[in-house]
Every structure is written in structure tokens, then in C-alpha cells.
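Given next are the chains, with one letter for each unit.
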Amino acid sequence: MTPGRWLAAAALFVLLVLPAVLGTYGLTVFIFIFFYAFLGQAWNIVGGYAGQLSAGHAAFVGVGAYTAAKLAITYGLTPWIGMFVAGMAAALLGLGVAYLGFRFGLRGFYFVLLTVAVAEICRLITLHIDALGGALGLFITFTGNPWMFQFQDSRAHYYIGLALMLLATGVAAGVERSRMGAYLRAIKEDEEAAEALGVNTLRYKMLAMTVSAFLTGMGGTFYAYLIFSLQPAAVFGIPLSVDILLRPVVGGSGTLMGPILGSFILSPLAEVSRAYLSGGAWAGAHLVVYGVLLIGVVLFLPQGAYPYLRRLLARGDAS
Amino acid sequence: MNLILLAQSLVNGLLFGGVYSLMAVGLSLIFGVMRVINFAHGDMMVWGMYLAFLLNAYLGVDPYLSFVVCAAALFVTGLAVQRGLVNRIMDAPHEMQILLMLGVALVLENVALVIFGPDTRRVATAFGASALWLGPIFLDLPRLLTFALSVTLSVALWLFLFRSDLGRTIRAASDNPTGALIVGSDVNRIYTVAFGVGAALVGAAGALTASFLPFSPTAGLPLTIASFNIVIIGGMGSLLGAFLGGLLVSVAESIGAVVLAPSLKEVVSFSLLVIILLFRPSGILGRRA
Numbered sequence: 001m002t003p004g005r006w007l008a009a010a011a012l013f014v015l016l017v018l019p020a021v022l023g024t025y026g027l028t029v030f031i032f033i034f035f036y037a038f039l040g041q042a043w044n045i046v047g048g049y050a051g052q053l054s055a056g057h058a059a060f061v062g063v064g065a066y067t068a069a070k071l072a073i074t075y076g077l078t079p080w081i082g083m084f085v086a087g088m089a090a091a092l093l094g095l096g097v098a099y100l101g102f103r104f105g106l107r108g109f110y111f112v113l114l115t116v117a118v119a120e121i122c123r124l125i126t127l128h129i130d131a132l133g134g135a136l137g138l139f140i141t142f143t144g145n146p147w148m149f150q151f152q153d154s155r156a157h158y159y160i161g162l163a164l165m166l167l168a169t170g171v172a173a174g175v176e177r178s179r180m181g182a183y184l185r186a187i188k189e190d191e192e193a194a195e196a197l198g199v200n201t202l203r204y205k206m207l208a209m210t211v212s213a214f215l216t217g218m219g220g221t222f223y224a225y226l227i228f229s230l231q232p233a234a235v236f237g238i239p240l241s242v243d244i245l246l247r248p249v250v251g252g253s254g255t256l257m258g259p260i261l262g263s264f265i266l267s268p269l270a271e272v273s274r275a276y277l278s279g280g281a282w283a284g285a286h287l288v289v290y291g292v293l294l295i296g297v298v299l300f301l302p303q304g305a306y307p308y309l310r311r312l313l314a315r316g317d318a319s
Numbered sequence: 001m002n003l004i005l006l007a008q009s010l011v012n013g014l015l016f017g018g019v020y021s022l023m024a025v026g027l028s029l030i031f032g033v034m035r036v037i038n039f040a041h042g043d044m045m046v047w048g049m050y051l052a053f054l055l056n057a058y059l060g061v062d063p064y065l066s067f068v069v070c071a072a073a074l075f076v077t078g079l080a081v082q083r084g085l086v087n088r089i090m091d092a093p094h095e096m097q098i099l100l101m102l103g104v105a106l107v108l109e110n111v112a113l114v115i116f117g118p119d120t121r122r123v124a125t126a127f128g129a130s131a132l133w134l135g136p137i138f139l140d141l142p143r144l145l146t147f148a149l150s151v152t153l154s155v156a157l158w159l160f161l162f163r164s165d166l167g168r169t170i171r172a173a174s175d176n177p178t179g180a181l182i183v184g185s186d187v188n189r190i191y192t193v194a195f196g197v198g199a200a201l202v203g204a205a206g207a208l209t210a211s212f213l214p215f216s217p218t219a220g221l222p223l224t225i226a227s228f229n230i231v232i233i234g235g236m237g238s239l240l241g242a243f244l245g246g247l248l249v250s251v252a253e254s255i256g257a258v259v260l261a262p263s264l265k266e267v268v269s270f271s272l273l274v275i276i277l278l279f280r281p282s283g284i285l286g287r288r289a
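For the record, the sequence lines run as chains W and X.
Using the numbering used here, you'd call the opening residue of the first sequence number 1 and step up by one each time.
Using the numbering used here, you'd call the opening residue of the second sequence number 1 and step up by one each time.
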């Protein structure tokens, strides 16, 4: 095994035994690290590898969350299965958005705007559907029944979150190593050239978006059963979309470790600044920190933290 | 359907459309010259509102006078953002510029939140309760005044771009940056002025709406998105397109609010956006991309 793999195995071991020593607050911080790393990794497939910047991934979180919660509340379907239905619903939406956007050749800013518009339309429509609770949202009654994806012990959320993060990373690794990954990178670098070489760019961009949306929809289910209440503004809102794309961008988009590293940097920062700065007079201060960080990353680490770290380590090895 | 109600909403939409036009013209100018999308556009507008609020609360200045000061302050802000941040990454990929401006938007919005708190505000004006009647249709005086001033500012921008030397250079640089460099234009200066003027226009739009559009620090994002919609619908980089797009979107939203439901008015403009994106992404008056 290479040193990198040893390191990954050691890190995984630490994460597996960590709940033994963590308190409730520590567990919560880690659950959000995993959750955002998972969403970031899902985004990474289309936003990072394929370079199709989506600023509306909250749409898939929202569709996934509402699908699973509604199925459980009204039809008693367990979210263990509902999660996959939710993923499918989100994937369908993703497929639709991707088909429309890519079929009509939307790129760059135009694609960004299409994704924002779709998420906003979802939010506004959900606000007006009474069956989904309208502006009040959906509330899930807590029963603590593990069969219904409800857990007394937050260690369960910890391990499920960790599993989801590993799942998305596994999918991203599969994409990265496959022919599809090579095609996506070619599309990101130079779409015309990829097309000229016979890559069916439309098909692969759509595939990337669909896979990404499926995972994100599953994440929505996890979110619903972590928070136990769903409001359109929270699950479909632009702030969530920004939160999702921020982690891979800060960590290094288009790299396997980027979203995870980004989440380990940003999520605790968000959690700590929320805890210390969001009280009264300092509401919003943690988002100022976010904004400054984003500006700093773009100006000084445009490829993200992970590629920079790797270069730094490689230099250390060479000397 | 009540005909008078419909006519009233048409008039209201048209009057508010002046503001939409002004916002969109500012955004379109920045995009046309630099190919940079100002994601902080709405937040700059909100800062225009808060400046009008401060000038009114501490110095008693009416927003219909202080909009000049607000525009000047936002001109300096735009200049600083362009010089300090955007200029460093002019050659970076598109995503990086979008992310940079998202960062600026987050900072502007939340600095306002830290300073002013989350309360919704409105600025008092001397024209507050006045209205004119056109038969059964009434015209709110502040909105009428805002419309007139917005159109005046848009025309002033047009005169600046088409009748002054600096304006002509700006248009030349937006048509062909390399060509402008070759004939010896100071492209950096052009970029700075264009960003400053774009920000000043939206700052003025903020001050001019502060008396009837209740605002809070989070009001920026919806305004940014509305500006994007209008610019795309009107045609990226086309000033006339942005101007007409503003009127069109505002009228459509206003009528949609009456025909559907007030809270569904944005669905109308988003649907308009999606249709335009799919069938004519260059917008109503835009050049083919």
C-alpha cells in the first residue's frame, strides 16, 4: 500500500472508534462534517469533474427530503426504502434539468442561472402545496423507531453519515477511474475538442448530473430525519446550494479528497462560529467569515486546499 | 376578471419596472464590459437602501435627494471591488469569478446584518402619502417619482455611453477588448469606471425604492436574482434589452400577482427565464452568443 492509502486507512479507523470518546456536541459537529462532505462529494461529480457549475443543488436535497418524509408520514413507507425513492425523484429532476440545460447548450453562467431558477421554482411551488405543509413545512413526529429511520442515539446518525460520505466518495472514485471520468475531465478542459474526438458530451454530462442528483436526494432524506422538520426556505434555499458547493471548492473541486477536506475545514468553522457569533449582536458574523474565506480561496488557492497540500507534501518529500 | 384591477396592476407593474430597468442596466453594463457577473448586485442595492436610511435617520435627508449621495458611495464601492478583487482574476475561469462575487455578496449582506440587525425597514419621504388619480386608476406619487428618476438615469447612462469620449471608449472595449488595447485605451481604467457606474446605478435604485420597498439585509439575493432574470430575458450585454426587460418582467410579475396569487409572482418571472434560456438564450435583444 502507498503512504496515502495507509493514511486513509488510519483516518478511517480513527473515525470508526471516535464516537467512543465524543460527547453529544462533538458528535453533532462530526455528523454535519460527514453530511456536507457527502453533499459536496455528490456535487463534485457534476460540478468538479465535469466542470458544470450547479448553484441549485438544494433542489435535489429538497425533493429528496420531501419525498421520503411524505412517503413515511402519509403512506408509512420506511425511509430506509424511501431514501432510494427520494434519490430516484431527485435523479429524475436532475435528468430533466440536465437535458434541458445541456440540450440547449447552456454553459457557464447560463447553466448556473438555470439551476438557481429551478431550485427557486421548486421552493415557490412547495410553499403553495398544502399537502406538503406550505410555508409551515412538514413535521416528522419523533418515535425513536430505528425501522422508521429514527434514532435516540446520535451515534447512529454518526455512522450513517460516515457511511454516506464513504458511499459518495466510492461513487466518485469509480467515476474518476472509469472511462466516464476521463470523458468528464475532457469536457471540463475543452468541450469542443472532446466532442470532436467523438465523446457524446450531452450523454455524459446528463449522466454526471443524474448520479449527482440521486446521491443528493438520498442526502435530503438523511437531513429530514436529522432535523425532523422541513421548511421550503431551508431545504430549497440558495444558501444551502452555496453551502453545498463551497466545500468542494474550498477543498479542491474535481479531486477525490477535496470535498472531504473542505468539509473538515468549513463545517466545524461554521458550527463554532454559529455557536459563538450568532447570538444577538453578532448574527451574520459567521457568514462574513465564510465570504472572506471564499474570496481568499479564489484569490490565493484557486485550485483548493487539497492540491495545494499535496504540492506542499511533495516538496517536503523531495527535500 | 376585474378590468380596473387589471389596469391598475399593469400601471403598478410599469411604474416599478423603471427600478427593475435601472438595476438590470447596471448589471448589463458590468457584464457587457468585463464579462463578469456581479453576484453582489442586489446586496449593493440593499446598501444603497441602508445609506438612504442612515442619511434620513441622522441628517433628515429625503431619499429622493440622497440617492445622489448613495450612488456616489456605491460608485466608490464598485471601484474598490473591481480594483481590489475582480481585476486580479480577470483571466481566471468563469466559475472563479462567480465564486469571488458570491463571496463579496456574502460579506456585503452579512456586514449589513451585523450592523443593522435583521429588522425590516423603510425610509420616510415627504411624498409618502400622496397619490394622483387617473380616472379609476391611482398613481402612487413616490413610485411615479422613482419611475421618472430611474428612466432619467437610464437615459443619462445612454448619453454618457453614446455621446462622451469615455463612454465611447467603454463601448469599444466591450465590443472588442483586444482592439481597444491595440488602439491604446487604458482598459483598466475603463473596467474600473464601468464597474463603478454599474454599482452606482444599482445604489441609486436602492435609495429610490427605500421609501416603498421594505428591506432587510437578506433582501439582496432576491434582487440579484431578479436582475439576472431581467438581463437574460432582455439580452446579455444589451442595455436597451435590459431596460425593456425590466419593464416587461415587472409588468408580467404584477399581472401574475393578480391572476395567480401575490406570492406566486416570482414563479412568473422564473418561468419566463427558463423559456428564454431554452429557446432564445441570447435574450430578446441580445446578440447571438
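No lab work stands behind these hints: they were computed from the structure.
Accuracy of the hints is not assured; some may be wrong.
[What the hints assert, rightly or not] Estimated spans, in silico, between C-beta atoms of each pair: (1) W:Thr141 <-> X:Ala72: 55 to 65 Å; (2) W:Ser229 <-> X:Arg168: 55 to 65 Å; (3) X:Asp91 <-> W:Arg311: 16 to 26 Å; (4) X:Leu264 <-> W:Pro3: 52 to 62 Å; (5) W:Pro3 <-> X:Asp91: 41 to 51 Å; (6) W:Arg274 <-> X:Leu264: 29 to 39 Å; (7) X:Pro222 <-> W:Thr74: 49 to 59 Å; (8) W:Ala193 <-> X:Leu59: 56 to 66 Å; (9) W:Arg179 <-> X:Gly117: 22 to 32 Å; (10) W:Ala10 <-> X:His94: 52 to 62 Å; (11) W:Leu299 <-> X:Thr178: 20 to 30 Å; (12) X:His94 <-> W:Arg274: 52 to 62 Å; (13) W:Arg203 <-> X:Asp91: 43 to 53 Å.
Here the structure is a predicted model, which is why all the values come from computation and not from measurement.
Ideal placement from N, C-alpha and C gives every residue a C-beta, glycine not left out.
Against the structure, the hints come out as follows:
no. : hint                              : verdict
1   : W:Thr141 <-> X:Ala72: 55 to 65 Å  : 56 Å, holds
2   : W:Ser229 <-> X:Arg168: 55 to 65 Å : 57 Å, holds
3   : X:Asp91 <-> W:Arg311: 16 to 26 Å  : 21 Å, holds
4   : X:Leu264 <-> W:Pro3: 52 to 62 Å   : 57 Å, holds
5   : W:Pro3 <-> X:Asp91: 41 to 51 Å    : 36 Å, violated
6   : W:Arg274 <-> X:Leu264: 29 to 39 Å : 33 Å, holds
7   : X:Pro222 <-> W:Thr74: 49 to 59 Å  : 32 Å, violated
8   : W:Ala193 <-> X:Leu59: 56 to 66 Å  : 60 Å, holds
9   : W:Arg179 <-> X:Gly117: 22 to 32 Å : 54 Å, violated
10  : W:Ala10 <-> X:His94: 52 to 62 Å   : 39 Å, violated
11  : W:Leu299 <-> X:Thr178: 20 to 30 Å : 25 Å, holds
12  : X:His94 <-> W:Arg274: 52 to 62 Å  : 31 Å, violated
13  : W:Arg203 <-> X:Asp91: 43 to 53 Å  : 32 Å, violated
Of the hints listed earlier, those the structure fails to meet are numbers 5, 7, 9, 10, 12, 13, in rising order.
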